[in-house]
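**Student:** Chains as they are written, first to last, in my numbering: chain L, 1 to 315; chain U, 1001 to 1118; chain H, 2001 to 2214; chain G, 3001 to 3352.
One should not assume that every hint holds.
Claimed, not checked - Computed footprint of chain L on chain U; a stretch qualifies when at least three of its residues, placed anywhere within it, have a C-beta under 8 Å from a C-beta of chain L:
#: 1; segment: 1012–1026
#: 2; segment: 1046–1056
#: 3; segment: 1062–1076
#: 4; segment: 1081–1088
#: 5; segment: 1095–1109
Claimed, not checked - Chain H side only, calculated, beta carbon under 8 Å to chain U, not exhaustive:
#: 6; residue: V2066
#: 7; residue: R2130
#: 8; residue: A2139
#: 9; residue: M2141
Hint data in this document are derived by calculation from the structure and do not stem from the laboratory. Virtual Cβ for every residue (Gly too), placed ideally from N, Cα, C.
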Amino acid sequence: MTGELAAPHPVLGAVVVLGVLLVGTAIVTTADAVVADRVARRGLDLRASLVRPWRRIALSLVRPQPATERPDWGLWVLAPAAYVGMAAMAVSVLPLGTDWAVADVRTGIVVLGSAEVLAMVAVYLHGWAPNSPLSLVGAYRFVAAGLSFLLLSMFVLIAAALPAESMSLGRIVASQQEGAWNVLRQPLGLPLFLVVALSVSLHGPLDMADGTDLATGTVAESSGPARLAWEFGRRAMLTAYALATAVVFLAGPAGPVLPGWAWLAVKTVAVAVVLVWCGHRLGRIGIQRYVRIAWTVLLPLSFLHLAISGVAALA
Amino acid sequence: MLGAFLAVVVATGTTMLLVGWLASWGRTPDPTEAHWSTTLPVLGGHEPRVHAWNRFHARYYPMALVLMAFEMEMMFMYPWAVVFVEVGGRALVEMGVFLALLSLGVLYLWREGGLSWQ
Amino acid sequence: MTGLAVDIAFWTFAVAAAWFGWRVFRTDSMVRATFCLLASFLNVGAIMVLLLAEYLGVAMFFMMSVEMVVMAIFMVAFMMNPAGLNPMEMVHQPRAAIAVGIGAAVGLGVVAVVADLPPAALLDEAGTIRALGNELMGASMLLMEVVGVTLVATMVGAVVLSSASGRYGSADTGSVPPLLDPDDPDSRPDLVSADGEGDAHAGHGGHGGHGGHG
Amino acid sequence: MAVMDRLRRVAATAPVAVSVALGHGADAVLADLRADARVDVTASPRHATVLVVAGHVPAAAVAALGRVHDQVPAPRATVVVDGDPARLDLPAATATTRAALVDELVRVHAAVVTGQRHDSPVGPADNPVDWQGIGPHGQGGEGMMGGVPWGRPMAMPPTVGRDGLALDRLALVVGPFLAVLPPMLEVEVGLQGDVLEEVELRTVPPDPHAPTPPPTPVDSGLVALAELLALVGLGALATTAARLARTPDRRVEDVAALRRRIDRPWGLRLGTDDLDRLDLPGVAPDPTDRWRDWLASAASTAVGDAHHAPEPVATDEVAAQLVGMEVGHAVLTLATLRPQLAASAVAPAVSS
């Protein structure tokens, strides 16, 4: 296997990306509701757990978006659009089957990194736009976290590129099929990348922008479809990063018997469920502690990770 | 290669348009047309005295500045990763030296208390 | 993509880059200005991808996004009226600026037209990325390490200049704000130091009793 | 339009999104709402459909209540628990009892969503500050900082001379109905960035002739724990704590089980271990110890020991300790002082 991927027509590709995000969001939402009810020990009424989120979505759709005193409407609409757009960008460069991706970009991991940074821009704008103090604090808090986890994700993805000798995500999968899965030969990478996934998708315990301690921060002034768009973005981003985790560390579509896309889906859902479960059991960490740990513990760990991965790649 | 980027642009653009349409659904373009008392920002009952859009003094600015320099150097690492196996042990040592230099900067930031809120 | 499609894409990105660049100076909001500049850079990055400098283009997306976020933080921290709620003029000395801008555009355009550029695209099947990596690991190795040292100096300088805390106590210990009116010793404003103490009084010798708080 | 009608019918069956405005002595209602799966307690009134007013709301807080009421997006409705809507200047509100509350909420929510009910805003329709068209650019004044655009001045630094060295301080009063703060607490802050540079805490005392509330039928410590869990994003565990708080004959094993689930470095402590230690009389300095005390108290009342009412704290002493904290830290710190602050709202402590 060479890691060269076939690509569908761009329009079909866009439909596929949207489909992945919508299905992923549906699964994450359902998993979130089920895990929440399990953690709350609310009895085992699975049907209620499954139905409740869809009713909440219907409620969002019939509610209005009120104006604030003097918002920046343009940016307020752009922010969720850009945030979901960056999730779409990330999905478009990831392999979605054994030998195809929507876009087989040779600089895949850099595009993935760009999507992450532009998502940070979107979150900042979402907190800035409503002209509301709590939203603004949420936005700045997220930027502090974003500037810290950025380096971690760069190191982790660069380490994954070492054995693949390429920045293409297709090659990264191929190199894992030729050698061992990255989760085994780069053991520190997976936890580091999960930190990034939780942070960028604004999920607990690392949801710095939309924390309930700021009355939900950047989303505190949103209601109705606008809020639905933002919540869709968070779950779409979680989907995209669960997918990226499955591709980079769990060899994506590789596996026996089942077709590639099915293996990828199984691995992605498993990662997503772990992330959602973390959100319901781990308390939100304070931002100063987050920044301190990211720079003094996780960053040295990612240096170590790079060294281990480098030695492993040469061995 | 350009075809792949076209696919990225089409997928991203379509998604942004659709979500932008959803997010703009039912907005009141002119806030002065809305009932004024419904437009006050969420503060739990009090009117704000000033606009939230003020000079926001982010407390982590030394970290932001150091990150900028750090990230600029990180851009060298992507091409390095591609040729790493080809070049071999020399690449590992050279990047080790490079990263050791960078860590000096971060170490200094930490030592001066630049990671805590200013 | 064929030649015509590439041409259309190029002109779209070029016009968008210029338009967003113009918007930077026409909006009152610092945040809008910053991210218009980012949009302009993203379009330039897309043009670089069209020129088959794939890594450089994508790296432009990455770097400029980070840099514009940091720039937005500092713009909002330093500018009075960061959202442009009070209308204002974004440019200073507009006439001189227009003259310099036209001059620079013409100069760069002349260079682009008269320079002896290679007549055909240099296509590298393995991609420019590998070539870039080999360059960094080969002839430009020393250069890269020197850049590393320079950037460490940058980091240290940034921390020294900006950090309000430090190993030896608060950075503004003993500092005195300047007089608002050089001839009037009573015009010294109260300085609010970084740790929240407004204890310097007009005409006083500064923060004598600093550090008494926990 | 058939699609919208269909959506509305589905939306009417969704959990009721409520924003809770808490007066004095409303812990029981809050625990009821948190524990019930038919209700979502929102952190922001913008996410709510129905506003619930619970407990004794003093006359001094009625105007603030009106503003929160208007922040619930229209169409909206209000339900007042064991109180008089007319006294709260919310004439359209529904009055109900604690026992009938959730059923009433479900009914009112369905009426709002299907368009049968809409309580009008109670605040002014127009900006009381006249600014439009005044000044050279119509921003209500002159100069870069002089206007009152949209009726509000620009943030100004705390100094007289604006020389660019002193940064603006965002002066805010938050509360008394902000869901992230303990009830009936107003916090006046001067924010620089996200750090509190100036803090003043005020509780809104009950009206002088207010009826003495009956002893609360729920464990206030566990209600405080539920709120703290919700604040660190553990909403599901918060429902467990709230359910336990309103169980009249709770077993000590259930309290211990809850403690096992949250008292671990990666549980609730991930959020509270890093908070600043406090130096207040009668309060555990360690933030984690404060919520452990609630669990210990719940365990001891479960085996029949007498409940010890929390000692009030002096709000100015608490305020002094909050100076220099980041906003999120300050909110969590106040949440760990919830029982003490509730006590001092009724009987203020004298600063030592």
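**Student:** Run every hint past the structure and note whether it holds.
**Tutor:** For each hint, the structure was consulted:
1. Remark: the segment 1012–1026 of chain U is confirmed as covered by chain L, as 14 of its residues place a Cβ nearer than 8 Å to a Cβ of that chain, reaching the required three.
2. With 5 residues having a Cβ less than 8 Å from any Cβ of chain L, the segment 1046–1056 of chain U passes the three-residue criterion, so the hint holds.
3. With a threshold of 8 Å between beta carbons, the proposed coverage of the segment 1062–1076 of chain U by chain L holds, since 6 of its residues qualify and at least three are required.
4. Counting residues of the segment 1081–1088 of chain U whose beta carbon lies closer than 8 Å to any beta carbon of chain L gives 7, which reaches the threshold of three, so the coverage claim holds.
5. Check on the segment 1095–1109 of chain U: 6 of its residues sit with their Cβ under 8 Å from a Cβ of chain L, so the three-residue criterion for coverage holds.
6. The criterion of a C-beta within 8 Å of any C-beta in chain U is met by V2066(H), whose closest approach is roughly 5 Å, and the hint holds.
7. Interface hint status for R2130(H): upheld, as the beta-carbon distance to the closest one in chain U is roughly 6 Å, under 8 Å.
8. For the restraint placing A2139(H) at the interface with chain U, the shortest Cβ-Cβ distance is roughly 13 Å, beyond the 8 Å limit, so the hint is violated.
9. For M2141(H), the interface hint holds, the least distance from its beta-carbon to any beta-carbon of chain U being 6 Å, beneath 8 Å.
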